[in-house]
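What follows is the residue order along each chain.
Number of protein chains: 2
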Amino acid sequence: MTQSSLPFTQSEMHPSRWGNPALAGPLPEAARGLVEMAFGLDERAAIEAPAVPACGLGDDVLSALRSVLGDAHVLLDDDTRRLRTRGKSTPDLLKMRAGDLSDAPDVVVRPGTHEDVAAVLALAIEHRLAVVPFGGGTSVTGGLAARRDGFAGLVSLDLVRMKALVEVDKVSMTATLEPGLRGPEAEALLAEQGLTLGHYPQSFEYATIGGFAATRSSGQSSAGYGRFDALVVALRVATPRGELRLGSSPANAAGPDLRQLILGSEGAFGVITEVTVRVRPVPVEKVYEGWRWSSFEAGATAMRTLAQAGLLPSVIRLSDENETAINLAHPDSIGAEGAADCLMITGYEGEHDAVAAKRAAVTAVLEGLGGRCTGEEAGAAWAHGRFNAPYLRDALLDVGVLAETMETATFWSNREALYTAVKDALTAELGDGAIVLCHISHVYETGCSLYFTIATKGDADPLPQWLRAKAAASDAMMASGATITHHHAVGTDHRPWLTQEIGELGASILRAVKADLDPTGILNPGVLIPDA
Amino acid sequence: MTQSSLPFTQSEMHPSRWGNPALAGPLPEAARGLVEMAFGLDERAAIEAPAVPACGLGDDVLSALRSVLGDAHVLLDDDTRRLRTRGKSTPDLLKMRAGDLSDAPDVVVRPGTHEDVAAVLALAIEHRLAVVPFGGGTSVTGGLAARRDGFAGLVSLDLVRMKALVEVDKVSMTATLEPGLRGPEAEALLAEQGLTLGHYPQSFEYATIGGFAATRSSGQSSAGYGRFDALVVALRVATPRGELRLGSSPANAAGPDLRQLILGSEGAFGVITEVTVRVRPVPVEKVYEGWRWSSFEAGATAMRTLAQAGLLPSVIRLSDENETAINLAHPDSIGAEGAADCLMITGYEGEHDAVAAKRAAVTAVLEGLGGRCTGEEAGAAWAHGRFNAPYLRDALLDVGVLAETMETATFWSNREALYTAVKDALTAELGDGAIVLCHISHVYETGCSLYFTIATKGDADPLPQWLRAKAAASDAMMASGATITHHHAVGTDHRPWLTQEIGELGASILRAVKADLDPTGILNPGVLIPDA
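First to last, the sequence lines map onto chains A and B.
If you're matching positions, the first sequence starts at 1103 in our numbering and goes up one per residue.
If you're matching positions, the second sequence starts at 1103 in our numbering and goes up one per residue.
I should point out that these hints are in silico values taken from the structure, not numbers from a laboratory.
Just so you know, not all the hints are guaranteed correct.
The list makes no distinction among identical chains, and a pair is therefore deemed to hold if it is satisfied within one copy or across any two copies.
[Stated by the list, open to error] Here are the simulated lysine to aspartate or glutamate pairs, DMTMM-like style, with alpha carbons at most 20 Å apart:
1. Lys1616 x Glu1606
2. Lys1272 x Glu1399
3. Lys1197 x Asp1563
4. Lys1559 x Asp1534
5. Lys1388 x Glu1453
6. Lys1272 x Glu1453
7. Lys1616 x Asp1251
Please read these numbers as outputs of a predicted model, since none were measured by experiment.
Start from the sequences and build out the full structure, keeping to the hints where you can.
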């Protein structure tokens, strides 16, 4: 078992902003002019360190927790509790900026082992405490905003101490990881063995292995490495009713695949304490390049062609006309009919020969379909800035601009209708002044994701404004027969739409599994599972 | 919607033997000598058309069924009921050959639509009838041998009328199929559109789309086309509590993937009434070739290398030394240390250029690892006889020889230990006279299947003898940490081992879902779900 020796600690994350405070900052000067032109500048101060409500737990509960975990791992101080309050969705940020800490946990506990987790769950049942498993704190769907009504208190179960690489099997090419490892920590431990997971969502620098599994995360290299749910071969879970170990083999016919019930369970069925994942050799070569397409449609058709030919690069993403214009800082071309073209990024990771062979085959297909390769500059620019977008959202909030993303997925034949429906719904709700950008970043033989970025001038009361826009887009996704989320999970924010997607009976199944594994309902109440 | 016009009907299947009676026959002369030498010949007659117990249902029930389905689709005759009694496992065949028809259904009903199925389930609840969904009748794990205790009768719900190709989406490359389509029927309908499913299990000629989904079937081309569960993008299910529709997108993060709960549910959660699958273009070229390896280990390492390099052919299978010797009819080399080598079959299906490129790349890897290509003859021989093995089992039973298969899967690092453990367990139980062969036919980046063929001289009472051997092998699989079945489902035969594989809590989840979807427990009672 190898422990991570990296310097990351949870407290690096700013309580009301994304990421490392040292890397946050005001809007870059170049963007400032653009934003002023589009929306005006409306400086808005955030309450920096709002007061945390007093811990509502009695000494008996705290003593019991301390006797299980030791005094050092039962934390009551304001900073720690503030940092475990909600996640990083726009509603989460707006509430925090307004000083609303009503969802703060009463206590933050740090189990070190599976057995510690089980013991905390037992105490939570005994004392009627709601438990919120906490990994990187990067949820953008309200996955950490549990309901506390009916409970004696709210416990944030921080997995920050569970950062071991438990086992590596180089023959089977699998690795067993503890849930608290952040993306870079997991990659660093695997790299010591010459291995990589290849999972790079935008939240990579903060999000954790347990969170990737619990939310069915999908990374920017999903075309080459697979979605996180496709990487998982085995799971260990601490539930209120005991331990669950799943994953006897890569695939089997021994009844339903229960791993797929834990993946995406968002802490509502149990706490994931070990994840065994497929790994790959560290790539010898990584190369990213840019392609230009005459339209979003032309680029999307090229992506579909590659996916259906089994010829996907490791990374493939395509921006629509507006996103291309914004990314390339040609604001004049935003929305101008016919003026813009679309940027695609392709990336290849692996051994030299494999990269060269795949790159040649993909290049032949893309050129045959009318794509124009612009070389490695655009690819390098994308790779350089790939984890930075969330910082910009905070800087925009500081000048009164709401900027957020929404994503969905559908089958190829429905792609264009879904794209139009969501764009129209957002524009109808937010007005023509809003900017709506879109890209495709995850592709399958049968379909793809659509990832929208929206920027709009904030109202005096931006939270309800944002919730109306979110609802309009979500309704459009459902009306189009698409999913409410391709890779950001359900949380509390998507929960009102889940029953529409999986049906009353699908929701009933989730409740039945919840009632079986968590009969007293202590785990992340109000998250994921629709009410009856 | 396109209906199948193929001449298949369920009654082609022999009631106590595999497949088409016209194709069944005695042991081929060449094999007869070999069998005589190994086991002796002990001719055993089967009772050809055993008497069927009288239908135990009252006129009220039958009238109700007739009013829903019409008189023509409520069948009580002996031939029809005999043909819907159990499946084709060795215990099933032995019981039928001995004249035991105690599991015969009281009535066979043939719904034509999803709504018909729902109506039959409603009547079954009202009249307390157990319902066994029936597709091709090819289960080899007792999946059709439902428990009738506690029920007023047993209904075989035959999906033979539900054979439509409901929809084809050539942009998304998906097709929606009804569950009663057999393999060749589905392929014929798809071929009219230039498409293929590419799913060819040994039961292909008889097994159905619904059965493939309900049992997580895996075909001989799984390396190229994927397991059946990987082909499914959407499902429609009639449950006792209503309709379930799943599959909003190729993949998503909208909670647990409930499709994976229906796949492998073996009729215990609901009746699958539509399956939407990923399809591919009909391959322009199919080529199969043989390779020889110095050992099973060397061949398995080559398979692992290909899988982990992302370089799998459409078909790849490897026989161990004994299976190679038997297949190539060199009986002298069976078991002779060092004398034998191992046969691998590789197959490529697709467009000319893609086949050529893949074949060249695979050939380079295999030659580099010491493989010797023997050309297309061995491949063609395999492809020619690929669906015929089950006929041989009946001919062997006729001369007193038990021959059956068992299969499992594990991670690569455990392959050799599992292989040895299962072989040793079978030899210990059946004695040195038993022949145990093995092949690998399904490979993944992290592991592979192991498929054993066993032949042994039958006792005077072969059923308990067989059950002891099955138990010994199953115990060895569990002790090795492998799965009880890679692609033959749980049924009744594997059910005693399922809890060991998924844990008490995993079994509890299955019961909870069962109780939610089928609260009165009418669906396939005693199949799949472990008792509490």
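Quick rundown of the hints versus the structure:
no.: 1; hint: Lys1616 x Glu1606; verdict: both (15 Å within a copy, 16 Å between copies)
no.: 2; hint: Lys1272 x Glu1399; verdict: between (42 Å within a copy, 17 Å between copies)
no.: 3; hint: Lys1197 x Asp1563; verdict: within (11 Å within a copy, 75 Å between copies)
no.: 4; hint: Lys1559 x Asp1534; verdict: within (11 Å within a copy, 81 Å between copies)
no.: 5; hint: Lys1388 x Glu1453; verdict: within (9 Å within a copy, 29 Å between copies)
no.: 6; hint: Lys1272 x Glu1453; verdict: within (18 Å within a copy, 34 Å between copies)
no.: 7; hint: Lys1616 x Asp1251; verdict: within (18 Å within a copy, 30 Å between copies)
Going through the hint list in order, the structure satisfies each hint without exception.
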